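Mapped onto my numbering, the consecutive letters of the sequence shown carry residue numbers -4 to 133.
Hints listed in this document are in silico derivations from the structure and should not be mistaken for laboratory results.
Just to be clear, a hint being listed does not mean it is correct.
To be verified - 25 Å max Cα-Cα, derived DSS-like pairs, lysine-lysine:
1. K74 x K50
2. K50 x K73
3. K128 x K102
4. K102 x K58
5. K50 x K102
6. K11 x K102
7. K11 x K50
8. K50 x K12
9. K53 x K74
10. K128 x K53
11. K73 x K97
Predicted model, so just to flag it, every value in this text is computed and none were measured.
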Amino acid sequence: MNMETQSLILDVVTLKKVVFSEPIESVVAPGTVGYFGILAGHTPFVSSLQVGVTKITKPGGEKLSLFTSGGFLMTDGKKVILLAEAAERPEEIDTARAQRAKERAQKRLSDRTPDIDIDRVRVALLRAITRLKLTGGQ
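Taking the hints into account, I'd like the entire structure generated from these sequences.
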């Protein structure tokens, strides 16, 4: 099998931009019931996504990790489309902003006033922690 038949195309998009659009060997994404992997020839598949790190292997073995938050992934075995609420390369992440978001969420969780949506705060904390881990800022 040659490299062309072993690869598939991955498009990672948000409402604001195309974050990644290249041939890949594989992608591992954070599904709502756990991480899953996609290779060329995968059966058609759709999954919702949660906050996490999407890991990409390019042809030749080069690896890339992206922060992704929510959305959906679908594939037909030849192409993968990942539509995310947010998707960022590590170098695009503002670590100081992520640190402030983490501290703000932790404070809101510890204060627990009746007007705070705890689930929303927990997701904000998870996004901040994931961004910091990806950039080595934690």
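Okay, the hints, checked on the actual structure:
Taking the CA atoms of K74 and K50, the gap is near 16 Å; set against the 25 Å cutoff, the hint holds. In summary, the hint linking K50 to K73 is supported, as the alpha carbons are separated by about 18 Å, within the 25 Å threshold. Only pairs whose Cα atoms come within 25 Å are accepted, and K128 paired with K102 is accepted, the gap being roughly 20 Å. Restraint check: the Cα-Cα separation between K102 and K58 comes to about 35 Å, which exceeds 25 Å; the hinted pair is violated.
Proximity of K50 to K102 is assessed by CA-CA distance (about 31 Å); at most 25 Å being required, the pair is judged violated. In summary, the hint linking K11 to K102 is not supported, as the alpha carbons are separated by about 30 Å, beyond the 25 Å threshold. Restraint check: the Cα-Cα separation between K11 and K50 comes to about 21 Å, which is no more than 25 Å; the hinted pair holds. Our distance criterion of 25 Å between C-alpha atoms is met by K50 and K12, whose separation comes to about 19 Å.
A distance of roughly 14 Å separates the Cα atoms of K53 and K74; the hinted pair therefore holds under the 25 Å criterion. Proposed proximity of K128 and K53 is supported: the alpha carbons are some 22 Å apart, at most 25 Å. The straight-line distance between the Cα atoms of K73 and K97 is roughly 38 Å, outside the 25 Å bound, and the hint therefore fails.
Of the numbered hints stated above, those contradicted by the structure are hints 4, 5, 6 and 11, listed in ascending order.
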